[in-house]
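Visitor: Listed below, chain by chain, are the residues.
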Amino acid sequence: MNVHFTVNGEEREAAVQGPESLLFVLRERLGLLGAKDACEQGECGSCTVIVDGDLVCSCLVMAADAEGTEVLTVEGLATEDELHPVQQAFVEHGAVQCGFCTPGFVVATAHLLEHQPAPTEPEIREALSGNICRCTGYGALLRAVQSMGGASP
Amino acid sequence: MSVAPPDATTAPGRVGSSTLRPDGVPKTKGAFAYASDLQDERMLWGATVRAPLARARITRLDIAPALAIVGVHAVLTAEDVPGLNAMGQIVQDRPVLAENEVTYWGQPIAVVAAEDRETARRAADAVIVEYGELEPITDLVEGHERGLVFREHKARRGDPEAHGEVAVEGYYEVGTQDQAPLGTEAGIAFPDTEGGVDVYAVSQWIHVDHEQIVDCLGLRPEQVRVHPAGMGGAFGSREDLSLQVHLCMLALHTGRPVRMVYDRQESFASHVHRHAARMWYRHEADRDGRLVRVEARVLLDAGAYTETSPAVLNNAVYFAVGPYQCPNVFAEGYAVQTNNPPSGAMRGFGAVQSCFAYEAQMDRLAVELDMDPVELRLLNALETGDRLATTGQLIEEPLPTRAVIEAVRSLPVDADRPGNDPLGLPGGTGLTTPPNSVVRGVGFAVGIKNLAFSEGFDDYADARVVLTAAGVEVHTAAIEVGQGMVTILQQIARTVLGVDQVAVIFDDTSLIGSAGSTSASRQTQMAGGAVYRAAARVREEALRRADGDDLTGAGVWRDGTVVATLEELCGSDPIEHEVRYRHIETAEPDEDGQGSPHVDFSVAAHRAIVDVDPELGLVKLVRIDSAQDVGRALNPQSIIGQIEGGTMQGVGLAVMEELVLDRGRVLNANFTDYLLPTFLDAPPVQSVIVEEPGSWGPFGAKGFSELPTISSTPAVVAAIRAATGKALTRVPVRPEHIVGIE
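Residue numbers (numbering that gives the first Met the number 0), protein chains in the order written: chain A, 0 to 152; chain B, 0 to 741.
Hints in this document: simulated from the structure, not taken from any laboratory. Since the model is a prediction, treat every value here as computed from it, not as a measurement. All clues stand as given, with none of them false.
On the chain A side, residues computed to face chain B include the following (Cβ under 7 Å):
1. A37
2. Q40
3. C43
4. Q86
5. V95
6. C97
7. C100
8. R124
9. G136
10. Y137
Each residue gets a CB set at the ideal place from its N, CA and C atoms; glycine is no exception.
The shape of chain B in the complex, shown without the other chains:
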């Protein structure tokens, strides 16, 4: 590129400043349109018939009673799926509507459309379905033994005969966590006059949704337009299709717009969750504490269909050792098919489960070595120039592992004793334990994860930047899930072009190419990278058109004078450039899991301080501090928001969040029984932003937003272990685990 963009500055609105998000004002006023707010005068309401069992044959299905209800326009079943009755972004194996059998609780069997919501719900209740119940497979080990495996992955590196002088072993479990985005699944579909359809629904990747919807509807690609819709959070739960095909089928069948809004129970039933895990570990080190050998075996509960489990499983294995060097690694993982709720993407994507295990192992090793656990981590820290323990991949980008550890360690620690204010103690004013029996503990953890897509996937993002007399338009299919995509893209375009007026336009699938998935911590580097490059080309053309040396909102400058206003420059002929941006190629690893499957990594560290009531098993987080590798901080306020929010989701997994299952059925599919951290549970978080600019993200930025969720969970549990002396090998930690009455 011949014209280098100007340096980042902290000027208002530019890269480096805490620019305010443009959707903040409408969101505070209740004026922002979410998917659940979309409606139309002619619309019908949709509702879904769902399986009450996790595994059964469908012995009878009778829609006649529902069709007989006044106001019901359609009742559709598997027979009515016009194309392929299968969805999935890696393997298309999950039915749009169940045919002959159900394989998970809440699986959709039929959909209805009616004049109003109540009628639609009544009609769904009126559909007669009879089942022959089958024994569900709910145990991971049993599923694995039966060979029900979607994917296995092995990492074998180093000398099988190498051993250390000191060894620790452990077995760990992670429960099933839900993303619990506040906005439930929702959307609306509009039939066009030529047999096609427009659908607006929650999504993290409209182009991959488009491919599947086209297949399921049996239409030509250009007949289906998938539009982004306002999202009340995602955290991975929108990576797989939910109601999109149902909406399109009902709209095409009735010739009317059809709207659906899931209630909370449906939301729990319909989207993928974080994989439950069972993990066996053995760490060996020399007497000085250097890791010599790590063995790991990981089982992940995938549920009934493939979804994104192959990629989650591989991640769990790739990061089985964490951000540590180790020359000899023997790790294997299996994504096991069960009749538990479907699993897929959730923030951290496989790296969360193994981090809980390897960080517990590092603490055990520190005890065995009689070594400070933080020193042990510093000694083994993986940094630039080292090789990832599992794959042997050379770390070429900045990886400030020691810096994040040191940054957290240097933050001040509170008093080493709990205070006397009951509001600050576990259980609050309901505390029955004498305050002087409450014990305090400190725990530490470090995590690592890859950024963007891996393993040779053709990972790209398209963006189009247009300069007009009115300012800049950025067109993208990246998704604003709440993370602040819109702000970052504005800041990048403003900084490159020097023009303050920037509108980010989230186009549908017919107007712009794919931006790839809004997941894997990838869009700041990928969509941001595409916008950066497209904007640079626009700037280059603007300067060339007017033979200038600088561009601002006033126009093109030459030798300190404006020589063409934006109106003169592009009033009748906008300057437009579209870029398809790819990161450097990655490759599938070999059969031993060796190679260079990743493009980049990020690290984070957490230190948690907890007070524990050992009699009732209650935990109160005193504080949890964090240091985060971000490459270059494009928007510090937004980064702090990601760290604090991501950390709290990890805290949730540590002490409260889990789907409770019985024969594959979810017993707590509501916010009364599925506990989420509230304002009272959330401790203060001090965040340190560590900047070591990377080589390929815009202005050196790296993605990072999954990291805060990875190391927070093990840090909290380590703190509870330190306070109680209990082994605590399962999350979420429950009071009975602390009290010892399991």
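Bound conformation, chain A alone:
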């Protein structure tokens, strides 16, 4: 079957076989390699995207269920010339090491700040607890998010 949906503001159509996940279709059919596949169980958040305003693990969404939705991936955040403020903050605060978790964290942080522009430290930790980072120990990630107007704890 074919699925029709909006991805980063563009109408897209993709062939989908059986139970393929949204993550697989984004990566392998649409060439959007930003979302990463690290656990395929919804535990690590590396594949995080936004579907109709909700933060989801795209590995847990059946691609067929994305019919008619609006999907935002990490590729949809920066403009031609400018990084999204979350991306800029991650780069400046050393929140990126191997970077495999980074696209998921960037999308989850952008979603958090859109709904809660000045999160406290516990709110940041709670909101990003669905994303696993193995390199940074989360310190630089916390400093990056706090630098973007996070309230003091």
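Once you have looked at the hints, place chain B on chain A.
Guide: Relative to chain A, chain B alone:
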């Protein structure tokens, strides 16, 4: 060298500044190419048939049903391995594909290539394998008693009759930890038109991969080119080959590019893990607390094949006493062959296991002596001019053991009672224990490890630095695993050459010589050392060509004036120098383990503060602080990142991370059941960078990135012991150990 490089500065982009990593922008945009992102229009997908048992004879293997599936191009077994059916960087003994028998859970038996991923997976499922199950050897002591030992190592130093007045004994265990890099094993191989192959895959040392791949494929070395590929972390798991030979075999057989991406379960099954350990210790001291004698016996679970176990085992013995002086040491270790999952390198490499034991012993000794545990450590601290307790090697490089201990001790401590905010207590809002029953504890630990390769190994790194009109190119086979190699090499080249435009180019095995392994905390000193020296030669030639006295991006200067722009200097004739850099020679120790097997060491200290719910056995880390010996800080932001990240991997081993095994099978080979620290588990970390420049790393820098993972685990457990009064002799500490219902 006649032209001394300028002093390090903190100028932007130079050594000493928190220069931002050049791959940060593409990584935040999702535009950085990882091994799992590599593809080709003509590619096939590969998949692997794996053993569901840890030990069995293969009684039947039938690939016909898989070959019959439409879209399947190849199904290859051990018979199809063109060369040597054995891999391994120390001893080549692990089959590329199992032949007649399987010796660990998940061992590869056959590989397939098909038009798409689903077809490849279906084909792998369709291969018929029948087994005659054998009793797996899963107990370390049993394996040792049966003489199944890959390597034994002894350290005997001092007087066998010497004894102290105060003695403590202990038995300790470490569970099997997984590196759990977020990127799984992945890669792609391209056949060339003349029977050769190019492979792009996860690796920590492409040249040692190349040697093994050539042997397994039965090709000439120049027919195989191993390329680095974007890595989602490594932490030791990429030191041994995974899918490289499989990819090459399938590509050569089908004449098509072949891609493989392991899923998480395969990743757990396919790479080596940190060795599980069982350790028996006896420490003796005089009444003042000075160590007089240490006895240690260490068993490490190596799994079914050699891998890097000999080196890990030796490290566990070399650092059996830790960063302490002791004149009489009798230590022995054994890397035991079992049918548990394969073991090999993980951050800390043997020094982690013994640190958990010797730091617990130091705390026991402090109790026995009625002494402050930090004072006991300061009293015995090993420093420059002392001799390593196990080998007797004189410590000649800076080793600021007391400084790291004092630095951590002087950091402020939080309130000695837990607060009332449920979010900050063990179990969070699910806490059922009255908050005033929650207890707080503080724990302290110090660790030591060697830097770079040891024991007489010819340890070198090649690098080529080229100055062109457009700027500087640095060519290296060092691997960017995420640690920031690319940034450090840029900073070194910029600082030596005075030119800001520096591109680091990670070449394949046909274009540059080996940089050695990206492990053992060695590349800042080794690849960095090679780049430093090659850049210095380039600078020297630039000044000579234009008879100048300084070099910058503007060109060569003489008496404050530019006398040749880069275009004029090297527009038509780039200045190029290649260096093979070696650290000073080390030597194999004698039969008593005595000698000078190491080139350098680093130390770190941690202090952990925990709150414990003694009724449910839940632990909440309040904070964990650290001080780290780095020689000279080349990039402070990057150092903090290594300390914080490494510390959290040690925290994981302390309280949550372990492969759960049943008859050698891994029961939790996924991220739902193998627990990793999340944002909510991670406490604040305050890090102190201790700088005492070394003599041989660029600008005095030392490697250090394994250290944060070594002393964090014992510090956390010491804190839990302090809170609960329990002995806690095994990591990870589980709730049942705290509650006492094992």
